[in-house]
Structure formats: C-alpha cells, structure tokens
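Asks: Take the given structure of chain A and dock chain B to it, following the hints.
Protein chains: 2
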Amino acid sequence: MRPYLKDPQAIYAESFQTVRAEARLERFQEDMRPLITRVIHACGMIEVADRLVWSEGAYQAGHEALMSGASILCDCEMVGAGIIRRYLPAGNQVIVTLNEAGVPALAKEIGNTRSAAAVDLWGAHLDGAVVAIGNAPTALFRLLERIEAGAPKPAVILGFPVGFVGAAESKAELAANPRGCEFVALRGRRGGSAIASAAVNALAVGTPEGQDK
Amino acid sequence: MRPYLKDPQAIYAESFQTVRAEARLERFQEDMRPLITRVIHACGMIEVADRLVWSEGAYQAGHEALMSGASILCDCEMVGAGIIRRYLPAGNQVIVTLNEAGVPALAKEIGNTRSAAAVDLWGAHLDGAVVAIGNAPTALFRLLERIEAGAPKPAVILGFPVGFVGAAESKAELAANPRGCEFVALRGRRGGSAIASAAVNALAVGTPEGQDK
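Residue numbers (the working numbering), protein chains in the order written: chain A, 4 to 216; chain B, 4 to 216.
Read the hints as simulated data drawn from the structure, not as lab findings.
Given the structure is predicted, the values throughout are model-derived calculations rather than measurements.
Backbone N, C-alpha and C define an ideal beta-carbon position, used for all residues, glycine too.
Heads up, a few of these hints could be off.
[Said to hold, decoys possible] Computed footprint of chain A on chain B; a stretch qualifies when at least three of its residues, placed anywhere within it, have a C-beta under 8 Å from a C-beta of chain A: (1) 44–52; (2) 121–135; (3) 191–204.
Isolated chain A, as found in the complex (with noise of 0.2 Å):
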C-alpha cells in the first residue's frame, strides 16, 4: 500500500499551506480568514471562498457571544454533532429541537417542515445566540419569518443550508438583510452540517491545532 502521512501536526501544515497556497483570501477582512479557512477545509473546495458572504460585525459578534457562554442552536443533530466541545470554555449549551415530541404535530398546525417547527421551539433561547443551519432552508426562511415578526435576534446567523429548494433563495434573503442581523452565508446550493459547524468552531477559536483528525 502507498505510504500516508500519519502526523496529525504534519498533516494540519500540510492542509492549511494548500488552502493559502490555492485560495484567493485577499478580499476577506482579517477577523474572518481563519472561518473561510476552516470552512474550505471541512469541503475540501478551495472554491467556496468566492461564494462567501458576511456581514462585517459577524466574527466579533460570534465571538463574544460564544466566550460569554451563549446558547448554539442548530437545525440539525449533525451540525450539533461537529461543534468542538473542548473550544468552548464557557460551556455553552447546543440545542436542537428537530427530534423533540412535539414538533411533528408543530409542523403539521403552522403548514411547514419540521426543521421549520423546531425553530418556534427556540423560544428564549434564541436572543442573544449563535445559530447554524446546516441542512434546512426552511429553518432559515422560518428563523429569518420570526425576527421579522418580532422575536429577538441571535448574535449571528450562520447560513449553510444545502440543496436544491430553497437553499440559494434563503441564503439570498438572509445576505440581502432587511432586518439588519449579523450574518455569515454560502450562497448557491452547497452548504451542509460540516461547514456551519466549522464555522461554529472558527468564531470559537480561529483555524484548528491539527488534533482534528
């Protein structure tokens, strides 16, 4: 069999001199280089970095909400899953409602999806936080439906919905940003859990120590 690199710290270098080396970072303000970095290397797209969009208080606002202990509400069990526990030293609590009891029924009464009824049961949860979505567009047009409505706004809106209903369109919605939230988006059909929990663990602590894998 071919011969690997087996040094978890040679292999960190190694990814992180290609993505420097192939991406074209210059457009990025300082404060969000380390989650595009870490965002191309849970995709393995160097691409992805000209697709991306933000609001410009997004890292700081990510950052100190995640330091002073705020809740991270995800769509899904898999972005729940991908948050690094260890980079989070305030020991933030990470919800997600998708498989609670009542959301079912919730979904059936409100004419939506599941992942759109799990966002009503955000409640409280919700000022103040980080929330990543990572597989639904309709978690994102619902979050996006209710702060329009009134309900309070999380610290950042981190958008990676994935696929072919929705997920450009709702990313579109929250890029174009009438309510005047923090945001960070991949425009277009790609997305998914890993990249919105990467960005997760980016505004946490920056690009990764090559323990990851």
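Replies: For chain B alone, kept in the frame of chain A given last:
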C-alpha cells in the same frame, strides 16, 4: 420576505426532479442510482455524479448487511448523527470509537492520528460491518492496512474522507481494490460526513420519502 416552499412532499418532489433533470445517471447500474441521488441531495452538487466509483456488488452487500443487523462503523460522530435510525428495522448498532478514552494513547503508540487509532478499536465488529468514513483519510488508510494484515473484511466500505491531505489518495487506494472489498467512494478531495451518512441511508431504504427537512 419572499415566499418559499413549505410542504415537505413538494420540496422532496422538486429536489429529486432537479437531480433527475440535471445529473447524468445513465452510467450507473440500477441499484446504485438511489445512492448517487442521495449523495447529490446531501451536498447540493450535481457534478459529484461524475466522480463516484463503486464495486459491482456494493449495493447488494451493503443492503443485505444492514437488513440483517450488521454494525455500522463510523469514523466520527457526525456520520453517526446523520444515519436515520428509523430506516434500520434491525436496530443496527452505530459505533463511533473516536472519542473513547484510550484513543489518544493508542494514537501515540502506533504513530498515527486519533482517527486511525479509533479504527483499531473496531475489533470484532469489523467482520461483515458497514463502514462509513466521512472525515479522516487516515481512518480509511488504516482500515485498508489492517485488512491487508489479515483483519476481517467489512461487508462494504463507504469511503468519503474529505480534504487536502490524503483524501484523494486514500480513496484511490480503496478504488484500486487489490484486497477485493466491496466499496463506494467519491474520487478527489470532496467528501464529508453528510455524504457518508447519505450513502448509509441509501443502502438502507433507497431515496428519501420527503420527511427529512
């Protein structure tokens, strides 16, 4: 705010219509089409259809293993979190050893990553299992190394590690297949836990029923 599609069945129908309209699925054998369809759906990228490789008996071996209750071995928690348990009537165990207490010490001992060391803890579960790798190239390399050294073969290896160091190489090694394993893999840097979970879900039940978002 712009209107959006809220009915899960309609979202499902439109998503899969898009995949069928845009993807080139002619080269896929019949029983692999639900798997590639789910993989495309999981990552929002039609073009991954052109990079999927598989052994002829992969679907059959994987499906039968899942239906008969085989263990599902994953390289990280995110892959485990994406496996939809209601698709598994045999109540298969989903096993992730990455965060077991002995892993860091074992990694040092074998001079490899934690992800590789975790593979060494799969032990007796490996025989006839469904292996789903969605993060670490070193986990896939280590598995192949162990099989070469005489470890029992899993029923099927779903190889979707991601990234810039070893991902393409480990999947090329898997696909060259001197060990005669059943496998599915995505050539190149792209991969990830959502794709790996989607492949497991496809082996269990084919395409989704629209309840997923």
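Asks: All hints, please: hold or fail.
Replies: Taking the hints in turn, this is what the structure says about them:
1. Under a criterion of three residues with beta carbons nearer than 8 Å to beta carbons of chain A, the stated coverage of the segment 44–52 of chain B is upheld, 5 such residues being counted.
2. With 0 residues bearing a CB less than 8 Å from a CB of chain A, the segment 121–135 of chain B misses the requirement of three and the coverage assertion fails.
3. Only when three residues or more bring their CB closer than 8 Å to a CB of chain A does the claim for the segment 191–204 of chain B stand; here the count is 8, and the claim holds.
Violated hint for the displayed structure: number 2, the only one.
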